[in-house]
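Undergrad: Residues per chain are reported as follows:
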Amino acid sequence: MSLEWIISIVENNWQMFLRGAYYTLLISIISTIIGALIGFFIGIMHTIKVRKKGVKYYSLKIINFILTCYVEFFRGTPMIVQAMVVFFGLDMAFGIDMHFITAGILVVSLNTGAYMAEIVRGGIVSIDKGQYEAASAIGMNHFQIMLNVVLPQVARNVLPATGNQLIMNIKDTAVLNVIGVTELFFQTKSIAGNNFRYFESFFVACVMYFIMTFTASRILLYVERRLDGPDAYQKEQKEAI
Amino acid sequence: MAVIKIEHLSKSFGRNQVLKDVNFQVEKGEVVCLIGSSGSGKSTLLRCINLLEMPSGGQIIYKGENILDEKHNIQEYRTHLGMVFQQFNLFNNHNVLNNCTVGQVKVLKRSKAEAEKIALKYLHIVGMDQYVNAKPRQLSGGQKQRVAIARALSMNPDVMLFDEPTSALDPEMVGEVLKVMRQLADGGNTMLIVTHEMEFAKEVADRVVFMDKGVIVEEGPPSQVLINPQHERTKEFLKRTLK
Numbered sequence: 000m001s002l003e004w005i006i007s008i009v010e011n012n013w014q015m016f017l018r019g020a021y022y023t024l025l026i027s028i029i030s031t032i033i034g035a036l037i038g039f040f041i042g043i044m045h046t047i048k049v050r051k052k053g054v055k056y057y058s059l060k061i062i063n064f065i066l067t068c069y070v071e072f073f074r075g076t077p078m079i080v081q082a083m084v085v086f087f088g089l090d091m092a093f094g095i096d097m098h099f100i101t102a103g104i105l106v107v108s109l110n111t112g113a114y115m116a117e118i119v120r121g122g123i124v125s126i127d128k129g130q131y132e133a134a135s136a137i138g139m140n141h142f143q144i145m146l147n148v149v150l151p152q153v154a155r156n157v158l159p160a161t162g163n164q165l166i167m168n169i170k171d172t173a174v175l176n177v178i179g180v181t182e183l184f185f186q187t188k189s190i191a192g193n194n195f196r197y198f199e200s201f202f203v204a205c206v207m208y209f210i211m212t213f214t215a216s217r218i219l220l221y222v223e224r225r226l227d228g229p230d231a232y233q234k235e236q237k238e239a240i
Numbered sequence: 000m001a002v003i004k005i006e007h008l009s010k011s012f013g014r015n016q017v018l019k020d021v022n023f024q025v026e027k028g029e030v031v032c033l034i035g036s037s038g039s040g041k042s043t044l045l046r047c048i049n050l051l052e053m054p055s056g057g058q059i060i061y062k063g064e065n066i067l068d069e070k071h072n073i074q075e076y077r078t079h080l081g082m083v084f085q086q087f088n089l090f091n092n093h094n095v096l097n098n099c100t101v102g103q104v105k106v107l108k109r110s111k112a113e114a115e116k117i118a119l120k121y122l123h124i125v126g127m128d129q130y131v132n133a134k135p136r137q138l139s140g141g142q143k144q145r146v147a148i149a150r151a152l153s154m155n156p157d158v159m160l161f162d163e164p165t166s167a168l169d170p171e172m173v174g175e176v177l178k179v180m181r182q183l184a185d186g187g188n189t190m191l192i193v194t195h196e197m198e199f200a201k202e203v204a205d206r207v208v209f210m211d212k213g214v215i216v217e218e219g220p221p222s223q224v225l226i227n228p229q230h231e232r233t234k235e236f237l238k239r240t241l242k
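Just so you know, the sequences run in chain order A and B. With numbering that gives the first Met the number 0, letter number 207 in the first sequence gets 206, and the count goes up by one each step, no holes. With numbering that gives the first Met the number 0, letter number 230 in the second sequence gets 229, and the count goes up by one each step, no holes.
Only chain A is shown next, with the shape it has when bound in the complex (with noise of 0.2 Å):
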């Protein structure tokens, strides 16, 4: 009977599926949050606007340059053939040895950074340009526009998207087994290759995994709720002044 032999797979081996999905959850908010940096970064620079002459210009066309090559390099391979080329591959080349969590938190940044850039940069673009008008209005510089009015709503903007992110990051990072990083997948794999017992051990994984995916999709939701605030505000019942 397979829920007998659930319950048994649990109490035999709850110990590896935590720390399974320990590196599994490590990894993918480790790695969200670094690659929304990196969106952010790509985004900020995408959008910059110089006049079309001089070093300046030239200088951002090239770092531009660079940074299309690699968004379109991680967005149309797959990720598991990038983590054997990043974790085999500079071992190889050029003799980086890395740790195979630090290898598998590289690559899913970067996979996750290649899609926030394009993300970031929408939302830069959807801004309206009333808000950049009224903040050159009052005499604010264009660094002090985009710190202080426009990617704090960029940020609020991309929030959803960047939870999306992190729930196929939790998902994607199975494929890390392949370098051998113990995430949720390996674990699994390994306590059915000790009892055989396929299908009730990856169920159980199958479970975790939901568990952690709507888990984040719900705290997300509720942190996106909590900064949107009511729709209509209480007046403040005593004088200001």
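Be aware that one or more of the hints could be misleading.
[Said to hold, decoys possible] Residues from chain A shown here face chain B by an in silico Cβ test under 8 Å; the list is partial:
1. Pro151
2. Ala173
3. Ala231
[What the hints assert, rightly or not] If you only want the chain A side, here are some residues facing chain B, beta carbon under 10 Å, derived:
4. Lys128
5. Gln130
6. Glu132
7. Met139
8. Val148
9. Val149
10. Leu158
11. Pro159
12. Gly162
13. Asn163
14. Arg224
15. Gly228
16. Pro229
17. Asp230
18. Gln233
19. Lys234
Simulated from the structure, these hints should not be mistaken for laboratory data. Built from N, CA and C at the ideal position, the CB exists for glycine as well.
Let chain A serve as the given structure and place chain B on it in line with the hints.
TA: Here is chain B on its own, set in the frame of chain A:
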């Protein structure tokens, strides 16, 4: 003495020349209303004054200096002009109070406490001091515009520029904004207002400037320009708007 003096100002968007050799000045304490049909260049003139649009030619003299000179600090100059937009343009990520303090703190380098004191003073004047913690999306159009006016005033500008401040408002809310503006005019503020509110212009303006096709056609006290216009084009425009 003129606060801002404009000499031979021109502005083109591509081949389309929107302003042609405009000469014009605003005296201290004066309330000037710019009127004219859509596309006459009045909003462009206002936006050229605080350099949201870069003029194609001419001079803008502020405190005896041409601010179009390369060496002039545009950001510093802009702090002396308060701008109120048709679409309010409150910072969506800040609450009412921060909308009025962020510029003071970041640009004028005032302390947070001082900035808040000044902001509250102006929010009180526009009647929005009970909404300090509200976000812009929680406010009505008229309330947003009043906060926008307080935000501009908080920078203690020499001149207030209004770009059709009531054009995006419901008829009901126009009154509350005009009331605030009337109060400011009575308080001796220097104001340059682009408006379609002829009655308001008649009451409040010291001088009315009528623009058409990028040039100033006629200017003078409202009793002259609005009631007894000399120019054919002005008569035609007023006949159509006042009916």
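Undergrad: Now, for every hint given, state plainly whether the structure supports it.
TA: Results for each hint:
1. Pro151: Holds. Min distance 4 Å.
2. Ala173: violated (37 Å)
3. Ala231: Check passed: Cβ of A/Ala231 comes within 6 Å of chain B, closer than 8 Å.
4. Lys128: Because about 9 Å separates A/Lys128 from the closest Cβ in chain B, which is inside the 10 Å limit, the hint holds.
5. Gln130: holds (6 Å)
6. Glu132: holds (6 Å)
7. Met139: Holds, about 6 Å.
8. Val148: holds (5 Å)
9. Val149: holds (9 Å)
10. Leu158: Not OK, violated: A/Leu158 not within 10 Å of chain B, min 12 Å.
11. Pro159: violated (16 Å)
12. Gly162: Hint on A/Gly162: violated, closest Cβ of chain B at ~19 Å, above 10 Å.
13. Asn163: violated (22 Å)
14. Arg224: Violated, because the Cβ-Cβ distance from A/Arg224 to chain B comes to roughly 13 Å (cut-off 10 Å).
15. Gly228: holds (6 Å)
16. Pro229: holds (8 Å)
17. Asp230: Where the cut-off is 10 Å and the nearest Cβ of chain B is about 7 Å from A/Asp230, the hint holds.
18. Gln233: With Cβ-Cβ at 9 Å, under 10 Å, it holds.
19. Lys234: holds (5 Å)
Violation of the numbered hints given earlier is confined to hints 2, 10, 11, 12, 13, 14; the remaining hints are satisfied by the structure.
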